[in-house]
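Hey, can you work out the whole structure from these sequences and the hints?
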Amino acid sequence: MEKYLKISRKIIFFYAVIFLLFSSVSTAMPTPEGVGTESFSGWAQFQKDAINSGITCDTAPVSDATVSWKQQVGSTGMAGIDTSSIIAEEKIFVLDALGEMWGFDAETGDKIWQTDLSCTGMLFQLSTPAYAAGKIFAATNDGHVYALDAANGSQIWANETASAYDQLNTPVKYADGKIYIGSWNGKIYYCLDVTDGHVVWNRPSTSGRGYYWAGACAIGDYLIYGDDASILTCVNKDTGLLVDEENLKDVDSGAGEIRSSVTYSESAGRVYFTCKGGNCWAYNFNSATGTLTYQWHVQIGYSTSSPVIYDDRVYVGKGGFSSQGGLCCLTEAAGEEIWAFIPNGGVQSSPALSVQGEQVYIYFTSNCTDGTAYCLDEDGTEMWHFTSDEAGTSGGYTLQGMAIYNDRIYFGNAGGRLYALSSDFYEDWDVNEDGSVNMLDIILVGQHFSETGAPGWIREDVNDDGSIDMLDIILVGQHFSF
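In short: position in the sequence shown from 1, add 1298, done, that's this note's numbering.
Treat the hints with care, as some may be off.
What the hints assert, rightly or not - Calculated lysine to any residue pairs in the SDA-like style (CA-CA distance at most 20 angstroms, straight line):
1) 1547 <-> 1519
2) 1368 <-> 1685
3) 1368 <-> 1396
4) 1485 <-> 1500
5) 1574 <-> 1536
6) 1476 <-> 1536
7) 1485 <-> 1504
8) 1476 <-> 1447
9) 1476 <-> 1519
10) 1476 <-> 1492
11) 1485 <-> 1538
12) 1574 <-> 1586
13) 1409 <-> 1450
14) 1485 <-> 1496
15) 1476 <-> 1432
16) 1409 <-> 1449
17) 1547 <-> 1506
18) 1547 <-> 1597
19) 1368 <-> 1405
20) 1574 <-> 1483
21) 1574 <-> 1496
22) 1368 <-> 1592
23) 1574 <-> 1538
24) 1476 <-> 1456
25) 1485 <-> 1501
26) 1368 <-> 1692
27) 1485 <-> 1449
28) 1547 <-> 1596
29) 1485 <-> 1545
30) 1485 <-> 1431
31) 1547 <-> 1619
32) 1574 <-> 1594
33) 1368 <-> 1682
34) 1368 <-> 1412
35) 1574 <-> 1544
Stated by the list, open to error - Computed spacing ranges between beta-carbons, pair by pair:
36) 1410 <-> 1753: 48 to 54 angstroms
37) 1636 <-> 1365: 44 to 50 angstroms
38) 1734 <-> 1678: 19 to 25 angstroms
39) 1634 <-> 1364: 32 to 38 angstroms
40) 1675 <-> 1762: 42 to 48 angstroms
No lab work stands behind these hints: they were computed from the structure.
C-beta: ideal position from N, C-alpha, C; glycine also.
Structure representation (structure tokens):
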């Protein structure tokens, strides 16, 4: 205790004030502008939520990312992992290319369960599952949709929604007790009730073209998605009735297939997406009527990446598996380029953002034989990159992007390897692992004040004595950056 007595009266007074504040006001973490409180933890579906925001307030490694754990799923060749991971209940779930669902402990990587799904068609799974209310909803490209128990992987229900060769290739999107998915060869968008899997409605494509990676965005009463004929469609999400349909070729004859999901920015009142013709698009969306109005489009290059919008900026990838790509930062207002980062290959993944206090970090992967995970700051400066053990082989391709949860990032590659990366350099007193010891670390300790557990059971137990008290706050204070 002698070293604690040497702390200046100024610091002691400072922490006494903080302690009183914890006793009298809410200790909820401040929410960055434009990010809802639901964004603090978990990654329950493709790009995190119903609007494909791709944004979380969970911290993630910003320097010296290393392998926290890795697991082998699927095969070791090209039939590995081509879908994004999802995270809920402190578990990570992934669908491999052979039609097997896996559940792992998100922190340790220990396998919890493995469930084989029927897949009599092409063994190439592209549909990212979704989680809600203790269930995992997965679709395979032979037309089946499943609900599995997230705790043990047991089947709750199964529905042969489409034919064996229809290819359910879009992410499963969950919203308000229903899931939505589109078929490529079948050219139909489906809505299923999550209780028993019955089809609520199905809507054939009016353009005669199908849906490939073209995931839906659920906004209020409406569902918006694109197709391979460059058509942007808005329907009533409960009935499937058409509300509005926009043909991109009426704006630009060079518009290509929409192979991205649609992203919604509530602050701007717009939806954003990309097309293979090389454009990033913005349409105004009337949330009361469901109507869409063209706003802008800009040429960025071939893209299947779903944009992410934060703080008046649009972050989006470009490039394919056989071409050079990049990560672009555009203005939200007009799509003007702010900066572009050039990685080692095409970026078909959708970026994921971690908002850490006032800092924003962008995470994405490159899809090439030397598939690499990257972290950039909001100015486009590289913070770190990580290349997988499968680099240089067909297993190195990394088609899908990352999921962020509780100080780690997760992604898989074509070699069937599932990676969890973290930063090990953070000292105990940097509670939120953002590289700075400040008020946010003290607030985190305050949120758990007086809790007890096994020594060091959470990072807020800074001195690892099994009790969160003033000693933990003092340790943070000794390294505080005024």
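Results of checking the hints against the structure:
Restraint check for residue 1547 and residue 1519: not satisfied, since their Cα atoms lie roughly 27 angstroms apart, outside the 20 angstroms limit. Between residue 1368 and residue 1685 the CA atoms are separated by roughly 13 angstroms; this keeps the pair inside 20 angstroms, and the hint holds. For the proposed pair residue 1368 and residue 1396, the alpha carbon gap of about 19 angstroms is at most 20 angstroms, so the pair holds. Under the criterion of a C-alpha separation no larger than 20 angstroms, the hint pairing residue 1485 with residue 1500 is consistent with the structure, at around 10 angstroms.
This hinted pair does not check out: residue 1574 and residue 1536 have alpha carbons roughly 30 angstroms apart, beyond 20 angstroms. For the proposed pair residue 1476 and residue 1536, the alpha carbon gap of about 8 angstroms is at most 20 angstroms, so the pair holds. Restraint check for residue 1485 and residue 1504: satisfied, since their Cα atoms lie roughly 9 angstroms apart, inside the 20 angstroms limit. At roughly 17 angstroms between alpha-carbon atoms, residue 1476 and residue 1447 fall within 20 angstroms of each other, so this suggested pair holds.
Between the alpha carbons of residue 1476 and residue 1519 the distance comes to roughly 12 angstroms, so the proposed pair stays at or under 20 angstroms and holds. Only pairs whose Cα atoms come within 20 angstroms are accepted, and residue 1476 paired with residue 1492 is accepted, the gap being roughly 5 angstroms. Taken as a hint, the residue 1485 and residue 1538 pair is honoured in the structure, with Cα atoms around 15 angstroms apart against an allowance of 20 angstroms. Our distance criterion of 20 angstroms between C-alpha atoms is broken by residue 1574 and residue 1586, whose separation comes to about 30 angstroms.
Using a Cα cut-off of 20 angstroms, the hinted pair residue 1409 and residue 1450 holds, with the two alpha carbons roughly 11 angstroms apart. At roughly 19 angstroms between alpha-carbon atoms, residue 1485 and residue 1496 fall within 20 angstroms of each other, so this suggested pair holds. In summary, the hint linking residue 1476 to residue 1432 is supported, as the alpha carbons are separated by about 14 angstroms, within the 20 angstroms threshold. Taking the CA atoms of residue 1409 and residue 1449, the gap is near 12 angstroms; set against the 20 angstroms cutoff, the hint holds.
Restraint check for residue 1547 and residue 1506: satisfied, since their Cα atoms lie roughly 15 angstroms apart, inside the 20 angstroms limit. Simply put, residue 1547 and residue 1597 have alpha-carbon atoms about 14 angstroms apart, close enough for the 20 angstroms limit, and the pair holds. Among the hinted pairs, residue 1368 with residue 1405 is consistent with the structure: their alpha-carbon atoms are about 11 angstroms apart, no more than 20 angstroms. A distance of roughly 18 angstroms separates the Cα atoms of residue 1574 and residue 1483; the hinted pair therefore holds under the 20 angstroms criterion.
The suggested pairing of residue 1574 with residue 1496 is violated, with an alpha-carbon distance near 33 angstroms, which exceeds 20 angstroms. A distance of roughly 44 angstroms separates the Cα atoms of residue 1368 and residue 1592; the hinted pair therefore is violated under the 20 angstroms criterion. The suggested pairing of residue 1574 with residue 1538 is violated, with an alpha-carbon distance near 26 angstroms, which exceeds 20 angstroms. About 15 angstroms separates the Cα atoms of residue 1476 and residue 1456, which keeps this hinted pair within 20 angstroms; it holds.
Pair hint residue 1485 plus residue 1501 holds up; C-alpha atoms about 9 angstroms apart against a cutoff of 20 angstroms. Distance check on the hinted pair: residue 1368 and residue 1692 sit about 18 angstroms apart at the alpha-carbon level, within 20 angstroms; holds. For the suggested pair residue 1485 and residue 1449, the alpha carbons sit about 34 angstroms apart, so the restraint of at most 20 angstroms is broken. At roughly 14 angstroms between alpha-carbon atoms, residue 1547 and residue 1596 fall within 20 angstroms of each other, so this suggested pair holds.
Restraint check for residue 1485 and residue 1545: the C-alpha separation of about 17 angstroms stays at or below 20 angstroms, so the hint holds. Taken as a hint, the residue 1485 and residue 1431 pair is broken in the structure, with Cα atoms around 29 angstroms apart against an allowance of 20 angstroms. For the given pair, residue 1547 sits about 26 angstroms from residue 1619 by alpha-carbon distance, which is inconsistent with the 20 angstroms threshold. At most 20 angstroms may separate the alpha-carbon atoms for a hinted pair to count; residue 1574 and residue 1594 meet this at roughly 16 angstroms.
Under the criterion of a C-alpha separation no larger than 20 angstroms, the hint pairing residue 1368 with residue 1682 is consistent with the structure, at around 19 angstroms. At most 20 angstroms may separate the alpha-carbon atoms for a hinted pair to count; residue 1368 and residue 1412 meet this at roughly 16 angstroms. The hinted pair formed by residue 1574 and residue 1544 meets the criterion: a straight-line CA distance of about 17 angstroms does not exceed 20 angstroms. Under the hint 48 to 54 angstroms, the C-beta atoms of residue 1410 and residue 1753, about 25 angstroms apart, miss the expected range.
For the pair residue 1636 and residue 1365, the supplied restraint of 44 to 50 angstroms is violated, since their beta-carbon distance comes to about 32 angstroms. Our hint of 19 to 25 angstroms for residue 1734 and residue 1678 holds, since their Cβ atoms are close to 21 angstroms apart. As the Cβ distance of residue 1634 to residue 1364 is approximately 37 angstroms, the hint placing it in 32 to 38 angstroms holds. At roughly 31 angstroms, the beta-carbon separation of residue 1675 and residue 1762 lies outside the given 42 to 48 angstroms, and the hint is violated.
Hints 1, 5, 12, 21, 22, 23, 27, 30, 31, 36, 37, 40, counting from the list given before, are not met by this structure.
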